[in-house]
Amino acid sequence: MIEFSLNGKKITSDAEADTPLLWVIRDEFGLKGTKFGCGIAMCGACTVHFNGSPVRSCSLPISAIANAEIRTIEGLDNQHPLQKAWVEHQVPQCGYCQSGQIMQAAGLLATNADPSEEEIEAYMSGNLCRCMTYARIKEAIQDVAGQSESVVQIYNPKRDAQGVS
Amino acid sequence: MTRLRKDKIEHSRRRFLIGSVGSGLLMAFAPSINALEVVTGGASEQLAAKSFSPTVWFEIDTQGKILVNIARAEMGQHVGTAIARIVADELGADWNNVEIKHVDTDPKWGYMVTGGSWSVFQTYVPMSQAGAAGRTVLIEAGAKLLGVNPKDCSTHNSHVVAGDKSISFAEIVKNGKIERTFSPEELAKFEPKSPASRQLIAKPSQALDIPAKTNGTAQYGIDIELEGMVFARPVIPPTRHGSKVTSVDDSAAKSIKGYQGYEILTDPSDTVQGWVTVLADTYYAAVKAGNAIEVKYDLGETANVSEQDIISQGETLAKDKTSGTLVVEKGDIAKAAQNAKTSLESVYKTSSVLHFTMEPVNAAVEFKDGVCHVHCGNQWQSLFLPVVAKAVGMSDDKVIIHQYYLGGGFGRRLAGDYMIPAALTAQAIGKPVKLVFTREDDTRFDCVRSPSVQQMNAYWDGDDKLLGIEHGAAAGWPTMAMAPAFMPEGVDKKGKFDPFSIAGADHWYTLKNHRVRAINNPLAQKTFVPGWLRAVGPGWTGWAVESFMDEIAHKQYMDPIDFRLSMLDASGKNAGEAPVSVGGAKRLAKVLTDIRSQTNWGQTLPKNQGMGIAISSGQERDMPTWGACVAHVEVDVESGKVKVHKLTGVLDCGTVVHPDGALAQTQGSMLWGLSLALFEGTEFTKGQVKDTNLDTYTPLRMNNLPDLDISFVQNTEFPTGLGEPGLIAVAPAIANAIFNAVGARVRDLPITPEAVLAAMPS
Ligand code: FES
Ligand code: FES
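If you read the protein sequences in the order shown, they are chains A and B.
Residue numbering for the first sequence follows the numbering used here, beginning at 1 and increasing consecutively.
Residue numbering for the second sequence follows the numbering used here, beginning at 1 and increasing consecutively.
Because the hints were derived from the structure by calculation, they are not lab data.
Do not rely on the hints blindly, as some may be mistaken.
Said to hold, decoys possible - Here are the computed distance ranges between Cβ atoms for each label pair: (1) B:255 / A:1: 35 to 41 Å; (2) B:246 / A:10: 32 to 38 Å; (3) A:78 / B:251: 32 to 38 Å.
Claimed, not checked - For the chain B half of the interface with chain A, some residues (derived, Cβ under 7 Å), not all of them: (4) 190; (5) 439; (6) 668; (7) 706; (8) 710.
Glycine is no exception: its CB is placed at the ideal position from the N, C-alpha and C atoms.
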């Protein structure tokens, strides 16, 4: 039995200890926004925040997350500035990779509110988009990064995860 | 994806029904009725009974909300938005009141009749006509309520307007009992609105499916949950065809918590041969059980086939001038070859390519009340519905395929083969089953893009005048494997060929003598199921044609753009035909001229950098999208590595219905072109693809994103497709740029650093 917090709610799971967090989130708690792509931590479709930092939930056994704060795309409550930018820039095509892209980008902006182009490329290159929406992902991130820092701070997932409001 | 003509015909023979149903107004296409059939009831009654075609229908409710219902595959092309905008524009609707719903099939329809893909090309006219019919009816009803002559009315912003009087669509729907049927002939009389009077088409807009794809609520096939379902994973046999299970030992799986057992599948449709599925309470337990279980097989005959075996077979066939089916036969190429003073021969190859859709294939199946319900994302339900029916031993009308968002199509989900093992397993255990392929399972079961070999020959006379070109293309054929009914006869009437695997070889350059042979590679056909992969045949024929045109230009000491222009005279069959290909090769010449000035072609570049040009005419001659691409590359002469600095694309697809969607599709397809040129490609070893996951299969990522400069020729011609044409010219443009940069001519895809080094002039 493992206890952790999922999008701010304390929960327990009795899944086998080696079960990747991805399947617990999706099939035990029904949050389907986090996706399965490769299963080997190389596509980023399954990205969630673990104590505020992006991790690949397909390769993270739940035994490793006892008492951790986990946040999924649903936990952004449709309020993150990146989500608005994603709509404005019409980023998604099939959309399957985009939860992971947004969670990864949110992780970037939480630690580096105004990343350079190179920093964006380096941080985002672990996230594959088979529809190749890279140009728009980059533009959307740059757009939010260009906004005043306070806008980004409002939904700083790291700070949220630590329970500071 | 490739257009299939059948779809167009179905549309043109449909009636259109408009009627009050409940408190709303419903509009839908219905099958045409011939004189011998009896129509029961008026439009309203037929609509209420849902006896209409389920592919798309519209509702206006008493609040004025317009709901466009679409039973079609949404895989990133925002197809619903494009269709809804065509209809809404003709209706004169307020876009803010338009919503899209991707619907399930109603059992009353039996099954979804959806063939091929739904492109703007196919739907532009029928959807415009549907909208115009709706507008006519709303105006008639509105005029009556306003007490004015319908002739004095127009629609705007969801209102019927006559001078200073107006009434909203909502009021009309609330007040009027409406009932109208338009015959196919009446429908055909509606002309699409003139470009000047359009309110929505070609104007900026946001795609309606996008918000759900930014917050995790969009539902894909893999997200389905069925009451009481069991999770399953396949154990993929060593060969695609002919494997037989001889023994199964699941002792190691038994200790896995939640493991329920396995099934050996017997498939009357022969889609899956030698398959076992493992079952468990959770998907992860099924994954582990799949790894733990030991299955022994009698192997199929292709158990030792390698990529090189397939390529060698292709080389032999392409070389043999008598092989294949003639697809283009102009002039007398044999005579030209005989009389030639000089000639050039080049062989171009492409390796196997994976679809690698981000969402691995999956399907959930449930048998309920004598009906087999299949839940999954699929591009072409009518193709595999009968196969599912055959596999489970039921009639076609007892199978329903429910549609969801597709986590990528690219042609992979035209095949519905992944539904079969799910259906067989659910039937065997008598419980709903959700079968999910791991990434490795998905790639090993992929219908890959076949390796191809193409032989090109050019001949010149004593005055160095180009006499003609001969082109033989050998590959595995998807249409032969999955939809042989769509294969036409060759021009020599000596056999059938896969039109989608040779399209592009019948290009728009005017040649005196031109022969194209489409050659099936039987070893490819045996070893795997060749798939349609984004751009299909033009993905490899364009590679050969546009690389070879460059080689010819250089041999003639001509600028590659000047040379191409000299051949694009739009004479004879290359003049084009109204409306779809009006202008013909002239429109290719225009994109070439545009891109020349746009890229400052001919400018001096730093050492080891170069620009290359290539053109394409889309998926096929009767649906041409005209395009040119210039690649700007830099070659590291030490390592042979190629860096693409910039890709410029100029496209002419007629009227751009959904401009931002068109741009997005072209960004995606051009980057696919780049990915296929430099980063992808796998090979068969022992009858299986070698690369099964991202540790060794390496599609383009953001760190290799070049600058993109994409523009569309502004005109009001008939709209053609955009999902794929952007892809075709990219690889040859890159290869031609490499040649201009360092003098290395590469002829194999993907272009590897080793191949560049080997081709460098010493
Ligand atoms: S599914 Fe986790 S990184 Fe691909
Ligand atoms: S939008 Fe389709 S994979 Fe990224």
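How the hints compare with the structure:
1. B:255 / A:1: 35 to 41 Å: violated, 20 Å
2. B:246 / A:10: 32 to 38 Å: About 51 Å separates the Cβ atoms of residue 246 of chain B and residue 10 of chain A, which means 32 to 38 Å is violated.
3. A:78 / B:251: 32 to 38 Å: violated, 49 Å
4. 190: Not OK, violated: residue 190 of chain B not within 7 Å of chain A, min 31 Å.
5. 439: With Cβ-Cβ at 5 Å, under 7 Å, it holds.
6. 668: holds, 5 Å
7. 706: violated, 9 Å
8. 710: violated, 10 Å
The structure fails to meet hints 1, 2, 3, 4, 7, 8 from the earlier list, while all remaining hints are met.
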